[in-house]
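Asks: Take the two lone chains and join them into the complex the hints point to.
Sequences listed follow chains F and U, in order.
For the first sequence, position 313 (counting from the first letter as 1) is numbered 661 according to this note's numbering, and the numbering increases by one without interruption.
For the second sequence, position 189 (counting from the first letter as 1) is numbered 1585 according to this note's numbering, and the numbering increases by one without interruption.
Be a bit skeptical, because a hint or two may be false.
[Stated by the list, open to error] Only pairs whose alpha carbons sit at most 20 Å apart, straight line, appear in this in silico DMTMM-like list of lysine to aspartate or glutamate:
{"id": "1", "chain 1": "F", "residue 1": "Lys-514", "chain 2": "U", "residue 2": "Asp-1437"}
{"id": "2", "chain 1": "F", "residue 1": "Lys-592", "chain 2": "U", "residue 2": "Glu-1411"}
{"id": "3", "chain 1": "U", "residue 1": "Lys-1443", "chain 2": "F", "residue 2": "Glu-471"}
{"id": "4", "chain 1": "U", "residue 1": "Lys-1443", "chain 2": "F", "residue 2": "Asp-510"}
Keep in mind that the hints were calculated from the coordinates and are not lab data.
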Amino acid sequence: MNDTVIRAEGLAKRFIIGHKVERDGLLREAMTRGARALVRRGVDFFKGRVSNTPGEVEEFWALRDLNFEIKRGELVSIIGHNGAGKSTLLKILSRITEPTRGRVEINGRVNSLLEVGTGFHPELSGRENIFLNGAILGMSRIEMRRRFDEIVEFSGVSKFIDTPVKRYSVGMYVRLAFAVAAHLEAEILVVDEVLSVGDAEFQARCINRMSEVAGSGRTVLFVSHNFAAVTALTRRSLVLEGGKLTFDGPVEAGLAHYTASLGKLGKVRHWGRGREATLISAQLLDADGRPTEQFVPGMPLRLEVEVETTGMPGMSLVVILRDQHNVPVGYFSSAAFGNVPLPTKAGRYRCVVSLDALFLAAGSYNIDLRTTSTTIVVDHRVDGAVQFFVNACNPGELGFDFRQDLGFGPLALRSSGPLQFELVSSAELPGLQSDARLG
Amino acid sequence: MTSLDRPVSTHLVLEAGRADRQYWQDLWRYRELLLILAWRDVSVRYKQTAVGIAWAFIRPFLTTVVFTVVFGHIAKVQTNTSVPYAIVVIGGLLPWTLFSSVLGEASASVVANANLISKVYFPRLIVPLATVLVVVIDFAVSLSILAGLMIWYGVVPHWQILLLPLFVLLALLASLGPAIWAAAVVVKYRDFRFVIPFVLQFGLYVSPVGFPSSVVPEQWRLLYNLNPMVGIIDGFRWCIVGGESPIYLPGFILSLAVTAFFLWLGVRTFRRIERGFADMI
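One chain only, chain U, in its complex shape (with noise of 0.2 Å):
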């Protein structure tokens, strides 16, 4: 298929404020962009390091150890739990780090491809979408350590381990949203540099990473469960270790709830401000 063989649909309207009506096909279209874009990422990504995509590992791994030691064995918080501590710690930080790696990443990327924004038509979505695919990598490498733990350990996986991709994806979506809101906004607002790290080392703590979301008091729940990654978080917890760690489902589907609407946010914001990123940016 070359350029020229490319599905003929192509009349096009260019008008102020006109909405793109092939734009999700257009998203289609330009997959292979996506792609290519994202393997530049990854390929670029640890050149000139020593370690190399070590990195990926190495940053969850000691986390998780200061995690285990301040949590688990000197504030002593309580899991109601027979799982090693260090399980849970891990099973709150592989998700809050897609999470946080997502928004901190594909939230800097349209500023940072701002060459290509002002020289090449395309999707705009593609660009932090592209982050995505790289965090996702990095992902992969980390889930390594959960794999390590669980042996060490001798946790033995439950059926619900299955759904974990589940999860990830989820993870993924809640993250996605408010990712590309920032996206689009700090083209303008470049504030918006400042205030994210500022959430991300917030959210760390307000996060059940370093604790079980149980140590929350009952009534606090359901409102604690407006930060979409305490029921994302919990999801992996069940996964990994089962019943010992059950989902709370009414925060869980709120979480959902304020998942879908940052997400309906950000793809309406970024479409909205995307047709002048070339004159703002």
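Excised from the complex, chain F in its bound form (with noise of 0.2 Å):
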């Protein structure tokens, strides 16, 4: 049999964004502008000019001339910036979106895990949505069946598995959907960023199973932000940069060719424009300046701005913080709290914002900017202009490992000082003993 699982070739994907037909996709707007259409290229037929695509669609290429080939068993790891289009790859080849040009083939049966809890449903037991979740998944009945107790151990909630998953906790939700998931076996496994929500202890122990997975010869592709798991999980790397292939190789070489890359983040954005104020860029950057998708928590949360402005008084730069489940949980304005309005010479200005250091939770975040003016219009929307990720979170000494997932909020709050406990009245209080003696 041959030995390449997947080839590649030329693998281009478009989308087309920004317009209001393809979102809403509503019937009148689409007869009009096929009737404006027509019209446009019966005058360009007359006028014996070739017709092009009408200009208010604009086109945007996730995914530029692909080409890469897999061999079985060959264990790969995709990682790039956000909107680098490693989603879009992995949303091909496990056959949810079709390319728009070239073509992959793949030798066997392909398995994708791109989310955790794919198809639970809120008002049925554990019990239930493993089973729901593992046909969704592409299990058999038979296969749950006989791994089904090993799932339920492996998460830990067996003595809720009755229970409908609406009155579980956040965390045991993402453990019990991360123990099917754990249990998905596959020729070829395509697994996106899930890793991420779970917590350290129960990431090493999905490393492991997938690791052992690999081990038995079966092919592997693995999109993180978690450098120990890609190193961990992973011997080959491709980077992607913009919708292209930058780097094929080692993943050693090919994480430090994705951290070097960095430093030419954000430069273009398609983020629109706003009235007077618009943002141009965003990025995090670490204690040295330097660009980063990764926060330490307790550090300054420094966040480099580029914004242009038409020298509009009284702008404002809002910087919103969002958890893993877009939950605001912080709100920052230069004008508001910082007394510091965009500048009122027109042109283009670089600004770092630090922010206090801020005790995240392990898990993921999303920063949303905007630029207001000081009726607090919303005057450029940045949603979700800077994702990054907390690896681990330790806000004491003793490891208490704080994650997004357990249910807390994202936020580990500190005592401001050493918290003393004294001493109101003793155990021997006659109530208490009262009720002892009752009891």
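Replies: As structure tokens, this is what we get:
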């Protein structure tokens, strides 16, 4: 049998963006647009011009001319910035979407894991959801039944297995979903950024399981921002930048290439424009001022933002921090909090917003950027302008691993001084004693 | 059988616009998912309702009562048979309910399962097909109304009743065509979410549900059968009361042809659009 399991040739994927019809798809608009295009084409025809696509549609190439081959049993990581095309590539390989150009040949059955808990239904019990989720991921019922006990044990929620999952805490929910996912087997396993939400110990277990899968001759394609997981699990890296394959080789070299490319990040963004102040680019900086996607809890959060202004007075730069469920957890306004509005001289400016030490729980975060006028009217809005990750958060000395999915929120609260307990009354209270006697 | 033991006829080429040769094979391979999605919908359907699956009984029952009173006693529609009017109504209402539930629910199913479609591959036809199974279960429950009415009026079934499953199948096929067509089109044009309820409301009155199709003047009957449900409802009634409600054969054949056309159109449209579902949804 041929040793190549995946061969991509000239693979490209185009999305049509920024167009109302493509988003909401209203029939009326499609019809008027069709009519207009017809008229235009007719006019072009009579004038003897070559018809071209209407300019109102903006194209976006998520992947451009990708060529690679993957051999049986290879463990490959795909790394790249947000929007580099990683997820699009995985979606094409898992047949969820089709390429616009080029082709992929696949030899073998692909099982993909783009999300944990796909299809979980809140009204169904944990037990029912295991079977449902398993079937959705492509496991057969017999296989599920054979692995059921293993999955339940792995999840650690056996006590609540017959409770509807809508009563689960977020942590339990994620563990159960992970447990099913971790028992997924396939000839070719395609895994998106799913480990980033679990806790360190659970991640380690998942990685162990996946290396077992990998060790048994199966092919694994793995997307992650977790460098540790990438190095532990894969040998070879494909680095994507702006939809292009810029590196293909050993994983360590791939990570180095990726880190080096971070400096070039953020220069070309299509964020549209505001009326008075336009956000151009933004990136997170590490302690040495280098671009990064990892945030270390307890350090200042440094955000480099480039903004263009018409010089309108009283404009403000606004930063909104969101946790992995997109819940806002923090807000900063340069004019309202820092008393620093945008400059009143028209031009393009760069600034570094440095926010006080935050003890953020492990997990992923998004930052929305806005420019607003004095009246808090949003001028330019970019949701999810920056995404970053916290790999581990240990707010105390004991090494308690604080994570978003514990259900305690994304922020570790630290006491300002040593906590002291003062004795108010001893346990030998009359009330307590009588209760004890009654009992 | 594990996912690994599945037949290894797995050489696959992904290319723009390439029709998937293994589609129907894949559909069969994913039959477990079909069943489990149907099971999910059934077990969730009547959660947190007081009377649960009894709703599948109550709604058609009350409609039968209302139609019998309105058409049979107030409007006094001529039936030319000795069959009680309630039996005429339920004979039309059962297939119509089947049709309208499939069309209503299956057409919304793809959008309702957007989260699955954007994260996992499976032949997308599974989604509308699963809702059909759910509707069939409701239908089975509502059959008890027919049985109850036949006992109540002392109507003895003829041999034709044995053909009833055939007409149930036809009603399903007649609804499936437009349903999967709409399920695919609604992904891009959500307008159809408003069109479908309207069509169903309208269809209830232009289909012979509250009255027998014999009230339609002879010269219009063939045209009337362009509505595929006309022939199928006639067939239903024929199964229940036998020769007293004969099938109008040319019309019935026309209804079958229209059904087949919509089925072809539905599958074709669905398969043409489904590869882009994840990008549009």
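Asks: Can the restraint linking Lys-514 (chain F) and Asp-1437 (chain U) be considered satisfied, given a maximum Cα separation of 20 Å?
Replies: Roughly 16 Å between the alpha carbons, so the hint for Lys-514 (chain F) and Asp-1437 (chain U) holds.
Asks: When you check the alpha-carbon spacing of Lys-592 (chain F) and Glu-1411 (chain U), does it fall within 20 Å?
Replies: The hint holds at about 18 Å.
Asks: Are the Cα positions of Lys-1443 (chain U) and Glu-471 (chain F) separated by 20 Å at most?
Replies: Judged against 20 Å, a Cα distance of about 8 Å means the pair holds.
Asks: Is the straight-line distance between the alpha-carbon of Lys-1443 (chain U) and that of Asp-510 (chain F) 20 Å or less?
Replies: Holds - the C-alpha atoms of Asp-510 (chain F) and Lys-1443 (chain U) are around 15 Å apart, at most 20 Å.
Going through the hint list in order, the structure satisfies each hint without exception.
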